Amino acid sequence: MASATNMDTLAAIALPVWESVHAALAPMWVEICFMLCFIMGFLLLRFDLMKKGGPAVKKQKKVVDDAPAVKTFDPRLQKAVDAEAKPSAILAIWRAGRDQAPTPVELMRAVVQAFVDEDPDRLVTEVLEHVRSHLVALGSSRLAVVVLDVVARAGMVEAMTELARALRHELLIASTLQTYEVLLGGFATAGDERRVAEVAAEMSASRVRMSARGLSLTIKGFLKNGMVTPVIQKFKEMRDLGFQVPPFAVTQLFRIACDAHRQAEAFDAVVGVAPLGSDAVAHLLEDCAKRNDFELAIRVEKQAREEKVPLIVGSYDALLKLHTVRADSRVLELFQEMQDGGVRISEGLCVGLL
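Residue 258 in the numbering used here is what sits at position 258 of the sequence shown, and the numbering runs on without skipping anything.
Among these hints, one or two may not hold up.
[Said to hold, decoys possible] Pairs of lysine-lysine residues, derived as DSBU-like cross-links and limited to a Cα-Cα distance of at most 35 angstroms, are as follows:
no., residue 1, residue 2
1, Lys302, Lys290
2, Lys224, Lys302
3, Lys290, Lys220
4, Lys220, Lys236
5, Lys86, Lys290
6, Lys302, Lys220
7, Lys308, Lys220
8, Lys220, Lys86
9, Lys290, Lys236
10, Lys224, Lys236
11, Lys224, Lys308
12, Lys236, Lys302
13, Lys86, Lys71
14, Lys308, Lys290
15, Lys308, Lys236
16, Lys290, Lys224
[Stated by the list, open to error] The following label-pair restraints were derived from C-beta to C-beta distances:
no., residue 1, residue 2, range
17, Gln233, Asp121, 34 to 40 angstroms
18, Asp340, Gly191, 34 to 40 angstroms
19, Val313, Ala260, 24 to 30 angstroms
20, Thr72, Ser141, 18 to 24 angstroms
21, Asp121, Pro75, 25 to 31 angstroms
22, Lys302, Glu202, 41 to 47 angstroms
23, Ser141, Glu306, 41 to 47 angstroms
24, Ser133, Ala260, 45 to 51 angstroms
25, Arg239, Arg194, 42 to 48 angstroms
26, Gly155, Asp99, 43 to 49 angstroms
27, Thr72, Arg239, 47 to 53 angstroms
28, Val313, Ala83, 30 to 36 angstroms
29, Ser141, Asn225, 27 to 33 angstroms
If you're looking for bench data, these hints aren't it; they were derived computationally from the structure. Quick caveat: nothing in here was measured; it's all calculated off a predicted structure. Glycine is no exception: its CB is placed at the ideal position from the N, C-alpha and C atoms.
Could you build all of it, start to finish, from the sequences and the hints given here?
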């Protein structure tokens, strides 16, 4: 009985103590378990070091970087490019080192230009062979843009087409917006409206949004070829996409339209699509004065004033000549407006009026 009583007393004392310890350590059980598991794992993994008479500790292996050293191109190429050496010299250095190392992208522009100037027939073959040999280093859209840009500027449309096809479909280099912009400019400069449309369709299929630069390059190429209708269509496309038509493009459109005797058509197409500029208005009015087209001149002047386009000397000269021929008293109003605006009268105007 005494023993049972003592046990009950001990339990009565120990139970509150255990409950206190348990309550104190309860928030720390997770951390304690984690620490115990870490210690057990460490002991198990490193048991061979602690085992008496066990195998010797293995010597630490020297870490060796298995990655091959980055190869650099012959520095003579950079020196030749910096010194603006002859294309033949640049190609000679490049051909001597092309198998040993990839050409830095920033030097590929000079190499491709050397091909254009010296050996255009070998350009596509040798450039593609070089990219294939160093595809890891050169298989980027950045390199594709550089190569295509040089070829496009040289007007080598077929070479550009072949390169673009091989880079994308054979070497699997993805076409970017910059790639498409180069192609648009290249085909437009060649006056190839069909291929421009094909590139635009490919961009749409690839979900690449047409850019203001892409349209500007297209317009510039079409203007170079005197293509009035395609330029007007691209003006409208720029408007629909929320881009502003460059002022130089409007002036150039009126130039080629006047040469093609389509000035009235071009003017009507531009109104509401692109803002008129002072130079564009002056060119149209000067053409009207040459052809004595008084009706179109009045329409152009009215639109220019509605858009608050400042009239320059060329515009006033043309209007004064047209009104003088008709003995129109508005000549005096225009003359006074010139004086108030600080526009100087040209000698040519004085001779023309006399």
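Verification of the supplied hints:
| no. | hint | in the structure |
| --- | --- | --- |
| 1 | Lys302 x Lys290 | holds (19 angstroms) |
| 2 | Lys224 x Lys302 | holds (29 angstroms) |
| 3 | Lys290 x Lys220 | holds (27 angstroms) |
| 4 | Lys220 x Lys236 | holds (15 angstroms) |
| 5 | Lys86 x Lys290 | violated (49 angstroms) |
| 6 | Lys302 x Lys220 | holds (28 angstroms) |
| 7 | Lys308 x Lys220 | holds (26 angstroms) |
| 8 | Lys220 x Lys86 | holds (31 angstroms) |
| 9 | Lys290 x Lys236 | holds (29 angstroms) |
| 10 | Lys224 x Lys236 | holds (19 angstroms) |
| 11 | Lys224 x Lys308 | holds (29 angstroms) |
| 12 | Lys236 x Lys302 | holds (22 angstroms) |
| 13 | Lys86 x Lys71 | holds (26 angstroms) |
| 14 | Lys308 x Lys290 | holds (25 angstroms) |
| 15 | Lys308 x Lys236 | holds (22 angstroms) |
| 16 | Lys290 x Lys224 | holds (24 angstroms) |
| 17 | Gln233 x Asp121: 34 to 40 angstroms | holds (36 angstroms) |
| 18 | Asp340 x Gly191: 34 to 40 angstroms | violated (46 angstroms) |
| 19 | Val313 x Ala260: 24 to 30 angstroms | holds (26 angstroms) |
| 20 | Thr72 x Ser141: 18 to 24 angstroms | holds (23 angstroms) |
| 21 | Asp121 x Pro75: 25 to 31 angstroms | holds (29 angstroms) |
| 22 | Lys302 x Glu202: 41 to 47 angstroms | holds (43 angstroms) |
| 23 | Ser141 x Glu306: 41 to 47 angstroms | holds (46 angstroms) |
| 24 | Ser133 x Ala260: 45 to 51 angstroms | holds (50 angstroms) |
| 25 | Arg239 x Arg194: 42 to 48 angstroms | violated (23 angstroms) |
| 26 | Gly155 x Asp99: 43 to 49 angstroms | violated (31 angstroms) |
| 27 | Thr72 x Arg239: 47 to 53 angstroms | holds (50 angstroms) |
| 28 | Val313 x Ala83: 30 to 36 angstroms | violated (47 angstroms) |
| 29 | Ser141 x Asn225: 27 to 33 angstroms | holds (28 angstroms) |
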